[in-house]
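A.B. asks: Sequence:
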Amino acid sequence: MIDQEQAARTLINLIDVVHQENWILLNKEDMASKTEEYYINFFKEHHLEEAIDEIKAVTEKNKSFFQRFVNHEEVDAKEMRDFMEPYRFIKSKYILKKSSKS
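Take the position in the sequence shown, starting the count at 1, then add 1338; the result is the number in the working numbering.
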């Protein structure tokens, strides 16, 4: 079973390995909004504003899934992979692309 802490750690590590201890900021009752807020702040800090609308859409789509973590419902590995796929896509589209240009 994948719990809220594991999900928070994975979401942070996708975009911000340097500050991976920040996973604690996402491990809250309002996990969806905290995750969206963290990603938006990261994108603004790294001049990736074009990713903000996408992260908002992903958060909206996944609100019920975030709630499952908060409610301590069981989430298996396949569900977690499916949940994480849009975040991995955003990483490859914006973050990795920017890294390769630098």
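The set of hints was computed from the structure by calculation and includes no laboratory data. The model shown is predicted, which means the values in this text are computed figures rather than measured ones. All C-beta atoms in this analysis are idealised placements derived from N, C-alpha and C, irrespective of residue type, glycine included. There's no promise every hint is true.
Simulated pairs of lysine-lysine, BS3-like, Cα-Cα distance not exceeding 27 Å [as the list claims (entries may be wrong)]:
#: 1; residue 1: 1382; residue 2: 1416
#: 2; residue 1: 1435; residue 2: 1366
#: 3; residue 1: 1416; residue 2: 1431
#: 4; residue 1: 1401; residue 2: 1366
#: 5; residue 1: 1399; residue 2: 1416
#: 6; residue 1: 1366; residue 2: 1399
#: 7; residue 1: 1366; residue 2: 1394
#: 8; residue 1: 1431; residue 2: 1394
#: 9; residue 1: 1372; residue 2: 1382
Now the in silico label distances, taken between C-beta atoms and shown as ranges [unchecked claim]:
#: 10; residue 1: 1379; residue 2: 1401; range: 29 to 37 Å
#: 11; residue 1: 1395; residue 2: 1368; range: 26 to 34 Å
#: 12; residue 1: 1435; residue 2: 1411; range: 31 to 39 Å
#: 13; residue 1: 1357; residue 2: 1387; range: 16 to 24 Å
#: 14; residue 1: 1390; residue 2: 1360; range: 17 to 25 Å
#: 15; residue 1: 1409; residue 2: 1385; range: 32 to 40 Å
A.B. asks: Check each numbered hint from earlier against the structure, then list the numbers of those it violates in ascending order.
C.D. replies: Hint check: 1, 2, 10, 11 fail, others pass.
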